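Here's the letter readout for the chains.
Protein chains: 2
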Amino acid sequence: MSASPAVPVHFLEEARATAGEARAITRRMRAAGFSARRKPDGTFVTDVDDAVERAVRDRLARAFPGHGIIGEELPPQGGAGEWTWVIDPIDGTRSLRHGLPLYGTLLALLHHGRSVLGVIDLPELDRLYVGAEGHGAWRNGEPLCLADTDHPEPLAEEIVAVGDRASFAAAGEGPLFDELLRGDLTVRTYGDCFGHAMALEGALGALLDFDLRPWDAAASEALVRATGGRLLVRRRAAADGGVRIDLLFGKPGVVSALEARLDGRLRAVGFAPA
Amino acid sequence: MSASPAVPVHFLEEARATAGEARAITRRMRAAGFSARRKPDGTFVTDVDDAVERAVRDRLARAFPGHGIIGEELPPQGGAGEWTWVIDPIDGTRSLRHGLPLYGTLLALLHHGRSVLGVIDLPELDRLYVGAEGHGAWRNGEPLCLADTDHPEPLAEEIVAVGDRASFAAAGEGPLFDELLRGDLTVRTYGDCFGHAMALEGALGALLDFDLRPWDAAASEALVRATGGRLLVRRRAAADGGVRIDLLFGKPGVVSALEARLDGRLRAVGFAPA
Chain A
1 MSASPAVPVH FLEEARATAG EARAITRRMR AAGFSARRKP DGTFVTDVDD AVERAVRDRL
61 ARAFPGHGII GEELPPQGGA GEWTWVIDPI DGTRSLRHGL PLYGTLLALL HHGRSVLGVI
121 DLPELDRLYV GAEGHGAWRN GEPLCLADTD HPEPLAEEIV AVGDRASFAA AGEGPLFDEL
181 LRGDLTVRTY GDCFGHAMAL EGALGALLDF DLRPWDAAAS EALVRATGGR LLVRRRAAAD
241 GGVRIDLLFG KPGVVSALEA RLDGRLRAVG FAPA
Chain B
1001 MSASPAVPVH FLEEARATAG EARAITRRMR AAGFSARRKP DGTFVTDVDD AVERAVRDRL
1061 ARAFPGHGII GEELPPQGGA GEWTWVIDPI DGTRSLRHGL PLYGTLLALL HHGRSVLGVI
1121 DLPELDRLYV GAEGHGAWRN GEPLCLADTD HPEPLAEEIV AVGDRASFAA AGEGPLFDEL
1181 LRGDLTVRTY GDCFGHAMAL EGALGALLDF DLRPWDAAAS EALVRATGGR LLVRRRAAAD
1241 GGVRIDLLFG KPGVVSALEA RLDGRLRAVG FAPA
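Chains as they are written, first to last, in our numbering: chain A, 1 to 274; chain B, 1001 to 1274.
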């Protein structure tokens, strides 16, 4: 159980409203057309990423002047105080750029570095996931619960999702990817926020996603705790001085079955279902 | 170029209206709840598959009394005449059953065995794809065109989708799957009608899907021809006496680049863009 105080309810309300503003910007720009450019690391960023991150930062800075803000596309702002917001304006930029409807916006709130509130919005699927420690989690207002039910599916019937092989390879886990894809489970590559969201609502038995940046992982870390799901994590120092995060989460029974294949490389973290 | 006559326009209109009826049934049953049972082959079928196939058959039999009808869940009806409708009431039953919004309804019309009209409906994504030889293809009424543009993406930027590894293995192509997943392309496992639809609208560079039944493949075969895309096909006799179909289709440039890795195992078929 966590020693964090309950997240104030108006933080949740503001996070939900902020996601709504991000969705409106994304939908408007997607309809009107947008451009993309290469970043120094070779990946692309679009005008949508820029516009959403600026709008979200402005809104959060006005609502919570004392909070820090970090995001994928702009430098950190505000101090290293009690609360820090983490923004990924568009998770799945490659999908957005190509027209796959599987991208979204991620928002999380850290309390002394621990993720306690998470938001995933999938604008083209019209699905908004909001959750916080001490409150619970919802999809479009309906409660989400991943705690085991009386009638779990047999493991062979569950769908397990993984990120792409390059991410596994970057985490030294290429052989695990190959073993999973060749094995007896139904494994699909649904990375980015779409896979995370589907695991949070139990459509997937579990999601195994490697080599994430903090802004890719923070929303899901809080959300899965708030659903009563099970979460295994590994944090690694990367050559660029940053942190990389490897995650396995989903239905407790499925996560436990997969944990046996990980030989302790990812560890359980405490969770506090509502 | 094909020697088929143009598909009568009222066939297209009836196909579109039939997909609309299928969508209404699917959405209603998805909201109300449905049950699933195992088929003799070990896979599941749901009440939604049954209800949609019955409604589609009834409607087509009334509209086209002289046409044959084959579908996934019920025996063939009508004679082996000039025109035959092919129905997959729910393609992606596993996704539907688990709550992944990536399933849909497939409808095709064969003229002397050749697929000349295709419909893919994705109820939860609100995307309807309709196309026919001599007419063209549309997504929600907007024209689709996969013919090469002046500014194709570099191959490394395209997303290539594949079916699951078990399907590749059933076609003797497990090593190809492994090679693609470990290679330099961005490869994701988006099988079923979601992957087909995303390739048809150019969000994917190409789709490589193996070991399909005729009702899984027929709609896409007609649709990709109607978009001006490129299609490679292999038809195989299966141990159960049926036919299995292996497909590669999408943007002509991407399909040609992948063709080189297939050593002639799949062959181009003629197409007649509108």
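Read the hints as simulated data drawn from the structure, not as lab findings.
Keep in mind that this is a model prediction, so the values were computed, not measured.
Some hints could be false.
Unchecked claim - Listed below are several chain A residues computed to face chain B (Cβ distance under 10 Å; list not exhaustive): (1) Arg97; (2) Asp164; (3) Leu176; (4) Asp178; (5) Arg182; (6) Ala257; (7) Glu259; (8) Ala260.
Note that CB positions come from ideal geometry on N, CA and C, so glycine has one too.
Tell me, which hint numbers fail for this structure?
3, 6, 7, 8
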